[in-house]
Amino acid sequence: MTILSQFSDAFAALVAKTAERVVAIDAGGRQAASGLLWGPGLVVTADEALVDEQRFSVNLPDGRTAGATLAGRDPSTDIALLRLEAEAPGSAAFQPASDTRPGELAIAVGRSRTGVIASVGIVKEASGSWHSSMGGLIDQRITLDLDLDRCAHGGAVMTAEGELVGLAAFAPRRQALVIPAATVTRVTERLAASGTVGRGYAGLSLHPVRVGENRTGVMVMQLDETGPAARSGIRMGDVVVAWNGEPVRGVRDVLRRLGPDAVGTNVDLDLLRAGEPAKADLTIGERPTR
Amino acid sequence: MTVSIRVAVALAEAELAERVALLLAETADIEQVDSDAADITISDDGRGMIEIVTDVGTLAAVLSPHVDREIFTAALRLVAAGFIISIPAPDDPADQTESLLTPRESEVMALLASGASNKAIARELGISPNTAKFHVAAVLAKLGARNRSDAVAIAMRRGLVLI
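These protein sequence lines map, in sequence, to chains A and B.
According to this note's numbering, the first sequence holds residues 1 to 290 in order.
According to this note's numbering, the second sequence holds residues 1001 to 1163 in order.
The hints are simulated quantities; they were obtained by calculation from the structure and are not laboratory data.
There could be a bad hint or two in this list.
Here are some of the chain B residues that sit facing chain A, going by a computed Cβ distance under 10 angstroms [unchecked claim]:
(1) 1010
(2) 1014
(3) 1036
(4) 1039
(5) 1049
(6) 1053
(7) 1056
(8) 1113
(9) 1119
(10) 1148
(11) 1157
(12) 1158
(13) 1162
Built from N, CA and C at the ideal position, the CB exists for glycine as well.
Only chain B is shown next, with the shape it has when bound in the complex (with noise of 0.2 angstroms):
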């Protein structure tokens, strides 16, 4: 007997959705279908990750674009078996990134949105430009961000901004 498993694929580049249409054929037991149907979405982080997102929008694995048949089948039987197997990359840290904030980061963070330099944010909270290049340097560094436009893009993405 065979379980359907009904996946849709989201994947914004062409390659990275070639690759992964590969992955799926031939599987007896999952089902590729419309974005609206789906227990399982499969998408991208934007850095080549893939990404697998349960119906409620839990992200529940993050794989390797090179991973292989058995591997990508597997992790999506246990997310559909409602298994989280999502091990977080070094430059992207947990979903609790608004609790690791600090509420001064916080409040950094929506200067940051703002578009606001050091010597901005030093201004608008009262503190020294050292300061609150610290205080920036923590953020990206909790965030996993590059720079500051990728921190801000991590924020809006996740919820600690207002967009």
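Bound-form chain A, shown alone (with noise of 0.2 angstroms):
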């Protein structure tokens, strides 16, 4: 056997163990995703992989197919949980990865209506936490020089050791990002308890707008009267300029900054009432939610 064949073998090993725990999402005849089985019954996949449906027919790995349900989501950390309406074959659980560093390899293992996806690359980057756009906390920020299958998304990115680095999933322009193990770990454990991870809530609606000769704001279009905004004597038409002493670009910036782990934080607020100079200090709410 030469190394070669070897180096192939191990590979194809890995590729089979994985699929083990790795399903298709199907919904309404189109292939939404893959995903991983998750604990007893429960199906891990990546937010943005879902399209727009409350029911889905799952795959399995034994060749059986199951209805499952949505049984929670996090847009801010593209993480969606389904609950299986059958028995999923027992699985060992996946191990986590730890310290994922550049240049390693990295095997994405997806599934498709018709079998297993594998593609492989390496770790392109991986540096510290970082904030989604819409304020989620990304335990990490790994990109992967990997040419990912649009059916592989939501199912497994491992190590050559296979240990899960998390889910695979689309940054802008097609590049695969990687949630890591850990952040699945910590929403997926929020997600099945009460289907939902809350967000932060200000309770106003804001619009970019140009401040004196060459800064910007967000001035304050709509207001939540019973909201925590109003509660800490923000009005409309204030322009927030400011926060905790950092400039406010945009609407953007605001959104970043209204993750789940907001909720209950206190913000010092720079703003501009009638052009003068004011002060707020906000305590971030809770989106409401039903």
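Two chains, two separate frames, one set of hints: put the complex together.
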């Protein structure tokens, strides 16, 4: 046996073992995504991979098909959880990879309607934690130099040791991005318990405006009269120019700061009210859910 | 004589930032400055497209990340001169979204933002689940959203729902 064939066999074995825990998620005849068997009767996948349905058909690794319903979703970290209507095959839990480094081998395993989809590449970037555009805390920024198949969206990204780097997702321009296993573990616990992850809520809507010669801010266009912003004394027409001392460039800046971990925090806002500087001490609330 | 255009680059994605830095290099009349001193801000739309935004926050152009230097710098000069040259992408309808949503759809949007299912929307508005589903589909189509999470994100950015 040559080194090359040993290498190849090792790869195929790793993919086969991983695929025992990877499912295909169908919605109304359209392939939506791949997902991971995650604890008893649960499937975790990328929220962005799901089409807008409440009920899905899941192709299990043992060839059976099972119905599944949405158990919860957190768009801020791009994680969705499905609950299977049939008993899932017993399978070992994923071991999360620790200390992902650039240059490590990364193996993506998904499942299409017809079978297992595998691709290989390396970790391109592995840096510190970051906040998504919707303010969700992602434990590590991991991008891959790997050609991810659309069907593998929401599937597993594994290390050469067979540990789970995280869920396969797409960054802009179809770049492969990983939602780290630590984030998946943390968020799925909350989703399984309550079906939702709260989000920061100020109770206003904002529009970007120019302030003076060369600064920008966001103007309060609508106000929830009983919401956190109104309670802090913010009025319609106020322009928010700084958030905890940092300049506010636009609505996106504010959205990024209203993620789940913003709930209950205090923020010092610098305002312009009728052209005069003013201050507000805002306690971020939680977005009402139903 | 060269007129200096002050441009701030606010790109979250390293790859795109690098590409824009290359495009901006060796231009005599375009100067890169901090965001609070800029006439124009270059940002991204979260889907890999380059956005050129004026100092009053008007989205003045949407460009492909693969744009060549000539078009890119021409776009910056046009925007600096007050032109709006954006062509809305098919999945990103123009900013008149608010007037595009009917009052009923606006109610549906607010409920979507609170995480309501079709069933919950139907109950809340006193309509049938099928009608709710129909309204949700219409909202998604009008916003160019992939799914309801995406619709909520778009609506929040555009000030269509409270944040």
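Status of the hint placing residue 1014 of chain B at chain A (closest C-beta pair under 10 angstroms): 8 angstroms, holds
Taking 10 angstroms as the limit, does the beta-carbon of residue 1148 of chain B come near enough to a beta-carbon in chain A? 5 angstroms, holds
Once the shortest beta carbon distance from residue 1158 of chain B to chain A is found, is it less than 10 angstroms? 8 angstroms, holds
Holds or violated: residue 1119 of chain B as interface residue toward chain A, Cβ cutoff 10 angstroms? 8 angstroms, holds
Hint check: 10 angstroms Cβ-Cβ cutoff, residue 1157 of chain B to chain A: Hint holds; residue 1157 of chain B Cβ to chain A Cβ min 6 angstroms, cut 10 angstroms.
Interface hint compliance - residue 1113 of chain B to chain A, C-beta minimum distance less than 10 angstroms: The hint holds - residue 1113 of chain B has a Cβ within 10 angstroms of chain A, the shortest such distance being about 8 angstroms.
Would you check whether residue 1056 of chain B satisfies its interface hint, that is, whether its CB is within less than 10 angstroms of any CB in chain A? 4 angstroms, holds
Chain A contact restraint for residue 1049 of chain B - C-beta distance below 10 angstroms: 8 angstroms, holds
Hint check, residue 1036 of chain B versus chain A [nearest Cβ-Cβ separation less than 10 angstroms]: Holds. Min distance 5 angstroms.
Can you verify the interface hint for residue 1162 of chain B: is its Cβ closer than 10 angstroms to any Cβ in chain A? Status holds, d = 5 angstroms.
Per-residue hint verdict: residue 1053 of chain B, partner chain A, C-beta under 10 angstroms: Because about 8 angstroms separates residue 1053 of chain B from the closest Cβ in chain A, which is inside the 10 angstroms limit, the hint holds.
If you take the shortest Cβ to Cβ gap from residue 1010 of chain B to chain A, is it below 10 angstroms? Constraint on residue 1010 of chain B satisfied, holds at 7 angstroms.
Every hint, counting from the list given before, is met by this structure.
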